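A.B. asks: The hints should help you fit chains B and C onto chain A, whose structure is shown.
Protein chains in written order, with the numbering used here: chain A, 1 to 324; chain B, 325 to 429; chain C, 430 to 1231.
Note that these hints are calculated values from the structure, not bench results.
As the structure is a prediction and not an experimental result, all values here were calculated from the model.
Heads up, the beta-carbon is just placed ideally off N, CA and C, and yes, glycines get one too.
There may be inaccurate statements among the hints.
Computed footprint of chain A on chain C, listed as stretches where at least three residues anywhere in the stretch have a Cβ under 8 angstroms from a Cβ of chain A [to be verified]:
(1) 565 to 577
(2) 706 to 713
(3) 732 to 746
(4) 764 to 774
(5) 788 to 801
(6) 811 to 819
(7) 879 to 889
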Amino acid sequence: MLVPAAAVSAGGCAWDGPMSTLIARSDVARDVLDLYALITWASIVIAVVVFGVLGYALLRFRDRPGAPLPPQTQGHPWLEIAWTIGPALILLLIAVPTVQVVFRTQIQAKPPDALEVVVRGHQWWWEFSYPGLDVVTANEFVVPAGRPVYFALEGPDVLHSFWVPKFGGKRDVVPGRRNAITVVPDTPGEYWGQCAEFCGASHANMGFRVVVATPADFDRWLAAQRAPAVDAGAAVAAGKALFAGSACVGCHTVRGVSTGVLGPDLTHFGSRRTLGAGLFPNALEPLAEWVRDAPRLKPGVKMPAFAYTDEQARALAAYLLSLE
Amino acid sequence: MTDPDRGPADGGHADLRTYLVVAGILTVVTALEFAVLYIRALTPIVVPLLLVMSAGKFALVVLFFMHLRYDTRALWWIFGGALVVATGLVVALTTLSGDFLVYRR
Amino acid sequence: MSATRVDALPHAPAHAVGGVRGWLTTVDHKRIGILYGVSSFAFLLIGGLEALIIRAQLAQPNLGLVSAEFYNALFTMHGTTMVFLAIMPLNAAFFNYMVPLMIGARDVAFPRLNALSFWVFLAGGLFLNASFLFRTPPDVGWFGYANLTLRPFTPSPSVDFWNISLQLLGLSSIIAGVNFIATILNMRAPGMTLMRMPLFVWMTLIVQFLVVFAFPPITVGLIFLAFDRFFGTHFYNVAAGGDLHLWQHLFWIFGHPEVYILILPAFGIVSEVIPTFARKPLFGAPVMIYSGILIAFYGFGVWGHHMFAAGMGPVADAAFAIATMLIAIPTGVKIFNWLATLWGGTIRITTAFRFAAGLIGLFTIGGLSGIMHSSPPVDLQQHDTYFVVAHMHYVLIGGSLFGIFAGLHYWWPKMTGRLLDERLGRLYFWVMFVGFNVTFFPQHFLGALGMPRRIYTYSAETGWALWSLVSTIGAFILGVGVALFAVNALRSFRHGTLAPADPWDGRTLEWRTSSPPPPHDFDEIPPVYSRDTFWREKYGDRHGTKPVPRPPQPEAHGIHMPDPSVWPIVAAAGMLAAAFGALLQVALLVAGVAVTVVALFAFALEHHRNPAHADQVGELGVDHRKLAMWVFLGSECFFFGTLIATYLAYKGRSVVGPTPEEILNIPLTTLSTFDLLMSSLLMVLALAAAQRGDRRQTRLWLGGTIVFGVIFLGFQAYEFIEFAHEGLGLRTNLFGSTFFVLTGFHGAHVAVGVTWLATLLVLDLRGKLDVADAPKIEIAGLYWHFVDVVWIAIFTLVYLVP
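For reference, chain A alone in the conformation it holds in the complex (with noise of 0.2 angstroms):
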């Protein structure tokens, strides 16, 4: 663990971004981390070891005028046996510790306590369910702290793949299989995911936001996702009608609203930090923006430009904030 603590406070600030492969908040992270550490300090060896002596061989051996042929050696089978056997034995080092993490990693089947979080890859957005649990939600979601999280990997159209660096590896998502990764949070906090396998025009723009929160907090979480939509009332009244009333309820589910399955479900959609998978924060101007022409925001997205004035947009925007 040392080599990552010290790359971390070495690099100050600069290794912690939202992103980064370095910071460990799982047991999977953990484990990778300190096989990264491993192998990274046999690299190291290994490089200082061939730039000393090609460094020094450089410059020690250079022609000079008048410098005699050097011997004209053809090789010598100890140092080669040496120079093959050193190496497989560095490689055996990094090996033992690889195959044990692997077989603690990359298992498919779901441990008997874990929560299942369905992840649906779409283009160009996440789905979020828990089965048994009756939530369902888009782009952005919330699992305990210190529980295993079995994620069950899907995808009706093509490859994606489902990452959250701070929790460490990934896994894609491949159409007609069903892959799964368990990681375990250990700190509460809000993490970044991003998909990681080409998918197309808007394959940038398709991250997601997980939060790992208290077991309380989760519970408290779980429930006011069960329940169906709360709005602001009054204040939002127009702009529900406009979303009641226009090709919104084609793709989106509202509950107690509308039952659209082509998009993201938005019954909560107010009480997440981001829109578009994580293209704008969730604020009243880029929603507004969002709602009357998507496809300039976010090349190849499949929701159309709207005709709405400002003043609907800003309804619209208003209403969909409001649903905490």
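C.D. replies: Below, chains B and C without anything else, positioned relative to chain A:
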């Protein structure tokens, strides 16, 4: 022509009799392969049996009709190497494709 | 082949055809090498421009220099161009120019096929870039993962441009592979045993085997893609039971050997350059040879390390991880051997040497990041991030490109007769070295900070802006370096010092002839005493004893060089027209195919017989054509192996019927199998008759083979029609797709065989074949028997095995 890699039986030749015998064996084995499918007693081992028989036919055609038995060892390496690696890939691909959790929507 | 006599005067021009026409119809390996070199350098610049636009777009967050769609096309084209149109053909330029010289030959085994390889490569490169003109450049990544490449997700012909051009490039490479294997094994000068061959020739030989064995799986994968897109098959259709891992497996079974195809030639160049400028032999040359062979062989077993995130399961992951780590051992040995070569030497620093030494350092860095990737848990944090981009460019630029530049500077005097300016060379070496490291070292940091690949922009909060900007600046510096090289190259033609035959006090045979060599390469085939034979001639062995000079041995019949031919470029033009036709207009497709077929027939019949060259038996004691055919058949093992593996992998996964048990007619197929086996008997009888000179029996048995072949095709046609009536078509289900494609391609092979044999029969009937032509019947026979044994495998695995 000083290459030390030339084969042991280099330049030899099969004669008409050999060809006819090989053709005869090929015919018989093909008929057996067909028959084996219908012999109930052999059902547990039908797959290995068929694989062995067809491998035998394969070898006979390659060694005798394609003359490899009498050719330089270099050709054995080239074709044999290709065959070994290609077969390995077939086995690997079929194995890897069986080992997954398939989710059907 | 018919020939032009050349007087034994050095530098006497042998080309009767001059000017542009001379270049278009050349079959001279040196000219073909230059054609490859110039075209691939142009493509390198195009790929570099694409890279600079990419880097410019990423220099800051949320830049809008290019649209998302165009950005995706840029990285797709950059990758495809650099791999297939720049690095591979730059390597080919050296294979072409140098290998015959280094083995003491006058040309390759099949000079016209060599020209065909080049023109088909050019057609592929032009076709790929034509996609820009049609405003549909491919935008699915250079690796084109299914199912993004299927019609529902990418309806435009962008993917088809990519698919067809890759097939053309693959064809070009495989033809060249067969050619160079035959050349290296069969055309070495007397005394040059395999272990005495220069390392560059060894690496070339190994690379050619990799090419002919690794391309067929991707050929098949691309065929599946084309069939899915054009004919509605289900190879990558999830709803019909297709497995998206299949594409990934097929792509990487090709893709991993491909990276060795890209790097081994550079290793070969370094193994020539370092000893020359250190003035001592390559340390442990036999081990360097064996390690190259091991790397190539094991390279077929590690492809899964590109798929650690795909969910293959822990057993497969661990197996591929260990295999990948094992490969690092022979690779590491090479680095240490090069260092030992330098150690104790007398090093002359030239531009060529700098690039070679640079490779040693930079490839080490690339190799070490590669070792990180070999561990799945660590790799899963690096996969699809800029860490991999850093790794791959360290090995591809720091490795392959630096190796190529070392070769360019080393062999420039030999190829052009001029020396490049060493001072300018020193300047742009450092510009390139610094530019390269400034571009790509920070990308390790970007990867560690979690920046994914293939994203057209990013937000400021990610913290990726600083290193992205640094990387972009480095890219432009690197570009300046490459431009300076181009300046040096162009200036050398007018202002470069004239080069002697042996400017570097070299060790190998290419330095034993003039700079540039005469059209016939050597006035006399040089003597070979040992590895580094030219050095041995100049300086003697360990005890300083020089070999006894050999008395002059002029060629008894004069030097015969092959005539130029127009058919290679015509055939390639036909293929290019057909490629456009496939996407635009059926009439053009038909015309293109017709031109290609006519050109290939004309090619085959062009040099039908020349008494002076009836004997094409080489060092191994085997006729060139027979050797080439066996190599090709090895390649076909992979082609059919992939088709069969797909059939087996997809067995039982069809979502709807009919199933094999319901529909396959085993008794009938047993009969057709018997028919095909008997046709092989008839074929060997035909060959025996031809070798005896018995024309009547040759025609009889050839005719019989053809008849039996046609009967087999009849059986197959009947079967296909029956199946259609019973409700099984190409697109009915997964079984239909795999069955018809597998047996259909086999049937196509039979049809080609029948056509070939019929052509031979017609030639014979017209009195144009005699005993000396028996090898032609022999190789047709080898092809025919192979098609037969493939059927044996298909019959068992598809029809018989339950």
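A.B. asks: Are there three or more residues in the stretch 788 to 801 of chain C whose C-beta lies within less than 8 angstroms of some C-beta in chain A?
C.D. replies: Since 8 is at least three, the answer is holds.
A.B. asks: Counting residues of the stretch 565 to 577 of chain C with a beta carbon closer than 8 angstroms to any beta carbon of chain A, are there 3 or more?
C.D. replies: holds (count 5)
A.B. asks: If you count the residues of the stretch 811 to 819 of chain C with a beta-carbon closer than 8 angstroms to a beta-carbon of chain A, do you get 3 or more?
C.D. replies: Holds: 4 residues of the stretch 811 to 819 of chain C have a Cβ under 8 angstroms from chain A.
A.B. asks: Please check whether the stretch 706 to 713 of chain C has three or more residues whose CB lies within less than 8 angstroms of a CB on chain A.
C.D. replies: holds (count 6)
A.B. asks: Holds or violated: the stretch 764 to 774 of chain C covered by chain A, criterion of 3 or more residues with Cβ-Cβ distance under 8 angstroms?
C.D. replies: Answer holds; 9 residues pass the 8 angstroms Cβ test.
A.B. asks: Counting residues of the stretch 879 to 889 of chain C whose CB is closer than 8 angstroms to a CB in chain A, do you get three or more?
C.D. replies: As far as the stretch 879 to 889 of chain C goes, the hint holds, because 9 residues have Cβ atoms under 8 angstroms from chain A.
A.B. asks: Taking 8 angstroms as the C-beta cutoff, is the stated coverage of the stretch 732 to 746 of chain C by chain A satisfied by three or more residues?
C.D. replies: Holds: 6 residues of the stretch 732 to 746 of chain C have a Cβ under 8 angstroms from chain A.
Of the numbered hints stated above, none is contradicted by the structure.
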